[in-house]
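These protein sequence lines map, in sequence, to chains X and H.
Counting from 81, one number per residue, gives the positions in the first sequence under my numbering.
Counting from 10, one number per residue, gives the positions in the second sequence under my numbering.
Be a bit skeptical, because a hint or two may be false.
[What the hints assert, rightly or not] Under the rule of at most 25 Å between Cα atoms (straight-line distance), these lysine-lysine pairs were calculated in the DSS-like manner:
| no. | chain 1 | residue 1 | chain 2 | residue 2 |
| --- | --- | --- | --- | --- |
| 1 | H | K338 | X | K206 |
| 2 | H | K541 | H | K610 |
| 3 | X | K141 | X | K206 |
| 4 | X | K301 | X | K85 |
| 5 | H | K541 | X | K202 |
| 6 | X | K141 | H | K384 |
| 7 | X | K141 | H | K610 |
| 8 | X | K85 | X | K275 |
| 9 | H | K326 | H | K384 |
| 10 | H | K611 | H | K541 |
| 11 | X | K141 | X | K85 |
| 12 | H | K326 | X | K141 |
| 13 | X | K301 | X | K206 |
| 14 | X | K141 | X | K212 |
| 15 | X | K264 | X | K275 |
[As the list claims (entries may be wrong)] Distance windows between CB atoms, simulated:
| no. | chain 1 | residue 1 | chain 2 | residue 2 | range |
| --- | --- | --- | --- | --- | --- |
| 16 | H | A589 | X | G151 | 33 to 39 Å |
| 17 | H | R186 | X | E104 | 43 to 49 Å |
| 18 | H | I618 | X | R293 | 51 to 57 Å |
| 19 | H | M124 | X | R293 | 30 to 36 Å |
| 20 | X | K85 | H | I618 | 39 to 45 Å |
| 21 | X | T201 | H | M124 | 30 to 36 Å |
| 22 | H | G543 | X | T201 | 24 to 30 Å |
[What the hints assert, rightly or not] Far from chain H, by Cβ distances over 10 Å, these chain X residues were calculated:
| no. | residue |
| --- | --- |
| 23 | E159 |
| 24 | I180 |
| 25 | A196 |
Keep in mind that the hints were calculated from the coordinates and are not lab data.
These figures come from a predicted structure and were not determined experimentally.
All C-beta atoms in this analysis are idealised placements derived from N, C-alpha and C, irrespective of residue type, glycine included.
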Amino acid sequence: MAKEKAVVASSLKKQYNIGETTVEALRGVDLTVSSGDFIAVRGASGAGKTTLLNIIGGLDKPSSGEVTVLGHDLTRFDELFLATFRCTNIGYIFQSYNLISTLTAKENLAFPMQLAGWDETKIEQKTDELLKLVGLTDRADHFPSQLSGGEQQRAAFARALANDPLIVLADEPTGNLDLDTGLKVIDILRGLKGKKTIIVVTHDERVQRLADRVIVMSDGKIVSEG
Amino acid sequence: MKELKRRRLQSALTVMSLAVCVSVATSLVLFGESLGVQITGFSAGGLSVGFSVIFSRFLFIVVLLSCIAGVSVVYFLMSQATSERTRDIGIMKAVGCLTDAVFKHFAAELLVLVMAGCLAGSLSGICLYFVSTGIMNCLGFNLSTSIFDPLMVLLIFSAFAAFSFVLGLRLTARAARIKPTDALAQTSDMTEARQSNLGASFLLGRGLSVRIAFRTLNRRWSMTARSVMCLGVVMVLMTVIVVGGVVAEETMVSYVQRAVGANVVLVAKAEVAERYVSLLERFLQSNTSGSFDYLNAEYAIPSSALAEVQNVSGAAKVDPRLVMETTVKENQYIYPDPDNPGQYVVVGSQRQSSVIVMGVQADSLISDWLLVGEKLSDGNPNGVLMGESLAATCFADPFTQSFRAFGHEFQTVGVCLDTVNNGMVIYMSYEGLSSVVNSSGYNVFLVQISPTNLATTFNEIENIASRYGLVAVDLNQTLNKQVSFASQIWASILSLALVSFLSAVTSLVGFLTLSVSGQQRDLGIMRALGAKPGTILRVVVLQTFILVLLGAVFGVPIGVAVVLTFLIPQPVVSVNAAAAITLLVTGLIAALCLSSLYPGKKAAQTPIIPAVSRV
């Protein structure tokens with residue numbers, strides 16, 4: 081039986097204007113990802129990997145082309161819809177962690193659940209579970225500035241899983257981590273494989289080996305897939 | 010310059026807010042000078058000393074508070090700007106820049122910002138002064154722009170530039186000494202972040218926006234404290250303007266009403282009545298007139314006329330007076346100097362002045378002045394009440410010094426705020442006066458009519474008066490003129506206060522925008538995680554609301570205390586005035602909160618990717 085399509089991108093183009101210069105970040109990307117697939121995306125710096133992830137995650141809009149995620153054409157919706165969509169369907173792990181600086185690790189994890197309107201008991205239960213999963217139980221009440229890079233990355237990972245999203249997008253999740261912490265993250269990814277649709281931008285070969293497909297991007301295009 | 014251009018918003022806001030502070034201080038001082046001269050000129054020698062003191066105190070406090078508010082805003086902006094650069098400082102030091110070089114780099118940036126802000130402020134302040142003066146003149150005033158003082162502008166420019174630069178340097182020096190590791194570890198806007206989880210239990214069960222707003226303020230504690238301090242000063246200024254404006258006007262009107270009396274009819278011979286009204290109108294403008302023989306036998310009022318008026322049913326009180334003119338001479342008061350045995354202290358310089366003297370019956374007095382000292386009593390023929398202008402211009406210490414008039418010596422028992430002859434007046438018992446001038450009989454009497462049947466009673470009194478060849482003059486017209494005169498002056502002073510309030514709001518919007526811009530990354534992350542624009546807007550507005558409320562908790566009571574204890578003696582606060590004040594203060598607090606809508610909306614609409622990429 082054919083799997084449901086989670087992401088369909090066709091002829092995606094994205095241009096940025098920096099002063100008088102126009103940068104073409106994506107130059108016509110076509111991509112289809114089925115539900116439960118684990119996709120690794122690699123490519124040189126400036127190839128358009130993060131831009132592609134941002135567009136799939138509903139954080140950015142393409143200059144042209146279409147992107148349908150979980151059946152919704154994201155180019156047609158307003159910010160209000162996209163906010164709800166991101167909150168309930170997407171778990172995003174940013175390259176620079178992006179934890180909210182004024183909230184503790186635990187509160188950062190709880191934030192997406194609070195946005196989704198979960199009740200406090202359920203939030204408490206889920207945050208404890210996630211903190212345990214990423215090994216941060218004893219750092220729960222620390223603020224991001226008091227956590228190491230690896231701890232912040234794990235907290236960001238846990239936060240991405242908070243609302244049980246259908247799609248997990250990760251931008252270099254092991255890029256800044258030491259070997260041990262990187263292995264922990266890979267273990268978590270392995271545990272998610274098959275249960276969630278995962279798109280990971282990575283140069284880590286261990287992560288690429290976990291993937292069902294590895295996409296190579298160069299100069300704003302997908303140049304190989306396999 | 011390149012760095013300042015890169016941080017366009019922050020640079021522009023710092024320059025703009027500094028410019029607003031300098032501009033308002035410049036225009037306030039220049040405009041205040043013009044207006045101060047105008048108050049004297051407008052009243053053309055009128056306006057008794059006691060009333061002028063209230064005006065000038067109000068002006069002084071508003072200008073002083075505006076300068077303090079300006080300084081607070083500048084301090085806040087400087088600390089915010091320096092705090093935002095902590096990470097940059099860390100990076101510079103991490104790549105090998107010496108503390109000295111870092112300090113010089115930021116000092117150069119600071120100098121550019123301060124000079125640009127102060128220069129723009131001075132120029133716009135001068136423009137604002139000319140525009141305000143033009144508007145006031147269009148409204149019927151006659152303000153002169155010849156008072157424009159370039160030295161004063163230079164002084165304000167130098168004071169603000171020096172203060173901002175020194176303050177900024179102090180903050181920069183402190184930031185430049187920070188260890189690179191500490192600087193890099195800090196989030197850009199949390200140099201003195203609070204680590205506690207204070208309020209966590211209180212926040213449980215509250216809405217998400219409330220929790221985030223409280224938590225952010227608690228975490229950015231030092232910034233919150235500075236904002237509250239800054240807003241507190243703005244609130245004091247705002248309260249003094251609103252409460253002071255309303256209460257002072259009402260109190261002044263009450264002083265005038267108490268002195269003249271409401272629903273009062275003057276009965277006298279036509280010449281005397283005209284003269285008496287002209288004496289009352291000296292409060293509005295000086296009117297010179299030749300000598301007048303008050304004691305002329307033709308001006309004496311027949312006792313039968315007085316008795317008839319006293320029997321009119323609507324006449325609540327009849328206050329007969331013997332009015333005349335004389336010269337008083339201050340007596341020196343000499344006493345042994347307690348600090349230097351054998352030496353004596355001399356008080357007074359034997360000044361003399363022409364005054365109006367009124368012989369009155371203490372029990373029948375209609376006037377109920379604002380009084381310092383004792384009331385007049387019939388049992389003390391040498392004790393007199395003195396108008397506050399006479400006390401201020403002719404005596405060093407009216408209560409210890411005696412004075413001479415009609416060849417006799419008198420002692421002041423009280424000083425009253427009066428409008429007759431612009432406060433150059435003394436009241437004494439009728440018996441005392443008639444014995445020293447050797448004349449009996451009244452030449453004027455005032456009748457206070459009960460508010461019901463005003464017209465009928467007035468007609469009755471007028472009929473009696475005409476039968477005796479006297480005239481009855483309704484003093485309500487004069488009273489109304491005096492009240493509207495006081496209101497007109499207040500309106501002009503409040504326009505000055507309004508400028509400083511607008512500057513406070515502009516500065517507030519500036520620092521809110523800067524503060525929100527410091528949180529842009531966190532707000533962007535929240536949106537990336539699914540927070541709706543409305544949630545972001547609520548967080549920003551709630552933060553402002555909490556800050557404004559905290560500022561109000563400190564600022565409003567201080568402002569009220571300043572007004573009621575220092576600004577206005579024996580303030581009058583009617584229920585209507587209290588309601589108006591509550592409404593105005595609440596409205597202004599709401600307006601201040603609403604001022605966060607712009608930065609909040611801007612934060613909610615900034616594209617997510619640039620927001621989260623912000624360092």
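Structure-based check of each hint:
no., hint, verdict
1, H:K338 x X:K206, "violated, 91 Å"
2, H:K541 x H:K610, "holds, 12 Å"
3, X:K141 x X:K206, "violated, 32 Å"
4, X:K301 x X:K85, "holds, 21 Å"
5, H:K541 x X:K202, "holds, 22 Å"
6, X:K141 x H:K384, "violated, 83 Å"
7, X:K141 x H:K610, "holds, 20 Å"
8, X:K85 x X:K275, "holds, 14 Å"
9, H:K326 x H:K384, "holds, 18 Å"
10, H:K611 x H:K541, "holds, 13 Å"
11, X:K141 x X:K85, "holds, 20 Å"
12, H:K326 x X:K141, "violated, 85 Å"
13, X:K301 x X:K206, "violated, 39 Å"
14, X:K141 x X:K212, "violated, 35 Å"
15, X:K264 x X:K275, "holds, 18 Å"
16, H:A589 x X:G151: 33 to 39 Å, "violated, 59 Å"
17, H:R186 x X:E104: 43 to 49 Å, "holds, 45 Å"
18, H:I618 x X:R293: 51 to 57 Å, "violated, 26 Å"
19, H:M124 x X:R293: 30 to 36 Å, "violated, 60 Å"
20, X:K85 x H:I618: 39 to 45 Å, "violated, 25 Å"
21, X:T201 x H:M124: 30 to 36 Å, "violated, 59 Å"
22, H:G543 x X:T201: 24 to 30 Å, "holds, 26 Å"
23, E159, "violated, 6 Å"
24, I180, "violated, 5 Å"
25, A196, "violated, 7 Å"
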